[in-house]
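Residue numbers for the sequence shown follow this note's numbering, so the first one is 155 and each next one is one higher.
If you are wondering where the hints come from, they were derived from the structure by calculation, not from laboratory data. Treat the hints with caution; some may be incorrect.
Claimed, not checked - DSS-like mimics (lysine-lysine), calculated; alpha carbons at most 25 angstroms apart, straight line:
id, residue 1, residue 2
1, K231, K390
2, K651, K468
3, K651, K587
4, K587, K606
5, K651, K569
6, K463, K575
7, K575, K390
8, K569, K390
9, K575, K633
10, K288, K343
11, K384, K348
12, K288, K390
13, K633, K656
14, K606, K656
15, K633, K651
16, K468, K575
17, K348, K390
18, K231, K284
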Amino acid sequence: MKKTVIKGIAFVVIFVISLVVISMVANQGNGDMTAPMPAASLPTMAIVEDGQEINQMYGYTMQMDTADMRESITPIKTARQINAVVHGYGTEIAGVSYELRSIDGSRLIENTELTGTQEGDDLYLSFRLKDLMKEGEEYSLIFLVNLDESRQVRYYTRVIQADYYLTEKLDFVTSFSDATFDAEVFAEKGYAKKLETNSDGDNSSFAHVDIHCTSSQVTWGSLDVTRIEKPQIWVKEIAPQTASFVLNYPVSYTEGGSQVSASVTEYYRVRYTGDTMYLLDYERTATQYFMEKSSRFTESGLQLGITDKNVVMKESDGGNVFAFVQAGALYVYNSADNRLARLHSFRDEDNDDLRARYENHSYEVLQVDETGNVTFLVYGYMNRGRHEGECGVSVCYYSSTLNVTEEMVFIPYNKSAGLLKADLETLSYVNGKNDLYLMVDGNIWHIGLEDKSSEIVVSGISTAGCRVAENDSMLVWQKDLKDYGSTLEFMNLNSGKLTELKAGEGNFIQALGFM
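Just need the whole structure built from these sequences, with the hints factored in.
Right under this line is the structure:
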């Protein structure tokens, strides 16, 4: 087998199902009856550092828990000068102000109205924070953008008054990232020597590359990859010597004679000692956008291209229908009638800007039946649609007969999408009676998928004191709302029955887990 095939363009995930060749004719007569999702309407924001945009912010139409909004941090020097930009995307901006708060959001330090300079759809802001900050202490900075009399959008970031060599660290990260597209430049600048190449590195796939891979793997081997846009850059953490960065950008390349594109995310952790920059950690993931109207369908299976080998997928009991997630979109394929449907995606042919591509949401497929009906969750930040700018859980049902995706329940969540993901990974279970149970912010939600009802059946559960069975059908928690106490509460999610387990007088009881 040719080396090129091994190293680059044939990273294929093939679902072992019996497929016939699918052509574009397969979906003729299968008109899409789903109401179109409205285009994104909220502006985006970014901090401008030495002329470069960093710490991109996406707007929230609901008030979030400030303490949990830790997407980015910007160190500011003693002058406390901040430059920022609002990208309006054609939306008129009525006014902008900011709040500087303690890191937990409880204490308001200052709030000020801002004026800026309009350049086309973009509004540039330049202002100086008051002398009320303690050096070396983190604060929450919240921008409030008024779109009209009724709509106010919030943007969250963190700031710290300190000189942590942001410019030097940022220059290294962006230069390293640029050099990954040119092996000669990568070697000339000495970046290959900063890798820790060893046997721990997986050089078989471009889907995941890390600091232990070869320099050839980091520079995309023989695959001719082009970055389509400048990367979005987030400063995740920063200290006097160390810092962590995340970069995200789209790329394009040729595979099987077709031009395809993928979403790439890079993670860096660096240490700067004043004369030397050390690369402490590096990871890169790439996920190819699914080509719905190309020859991704073959006699042998469904090819997804460069992607994580652990594809999020669920199939029907009979194995004729399966739903899968690829690059921030959810699809279902029915082999019985050769039909593919895209059930949900914020990105499509007509909506492909930064707002549509922002991947701060996830999917979970709950049920797939033999007729192609799918029940699923969309959770995290909502880029577009009726909940644009909100964070939460959307419980959805796709009808294969009508080719319609319908939202059954939406549960708002005022903390970060990362914390929501951790909650749902703790508990997300559907029983045989179509009762859905979810853990959201310490509450156990019961959602009736038949009658579309929803209620909180238990509240105030501490995740530290909660244990869930391996198949999610049972859970137990400390009723005293402590790590240990006198009573445990046990819930069977198949029956919905609650049972108390008491330690007895003078004793304590603690949940360790299920066997």
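A quick look at each hint next to the structure:
1. K231 - K390: Status holds; Cα separation ~18 angstroms.
2. K651 - K468: violated, 28 angstroms
3. K651 - K587: holds, 14 angstroms
4. K587 - K606: Given pair K587, K606 holds - Cα atoms ~13 angstroms apart, limit 25 angstroms.
5. K651 - K569: Between K651 and K569 the Cα gap is close to 30 angstroms, so the pair fails against 25 angstroms, i.e. violated.
6. K463 - K575: Satisfied, since the Cα-Cα distance of roughly 21 angstroms is no more than 25 angstroms.
7. K575 - K390: holds, 19 angstroms
8. K569 - K390: holds, 17 angstroms
9. K575 - K633: holds, 24 angstroms
10. K288 - K343: violated, 39 angstroms
11. K384 - K348: holds, 24 angstroms
12. K288 - K390: holds, 20 angstroms
13. K633 - K656: holds, 10 angstroms
14. K606 - K656: Violated: K606 and K656 sit about 35 angstroms apart, past 25 angstroms.
15. K633 - K651: Measuring from Cα to Cα gives roughly 15 angstroms; hence the hint holds.
16. K468 - K575: holds, 19 angstroms
17. K348 - K390: holds, 21 angstroms
18. K231 - K284: It holds: about 13 angstroms lies between the C-alpha atoms, which stays within 25 angstroms.
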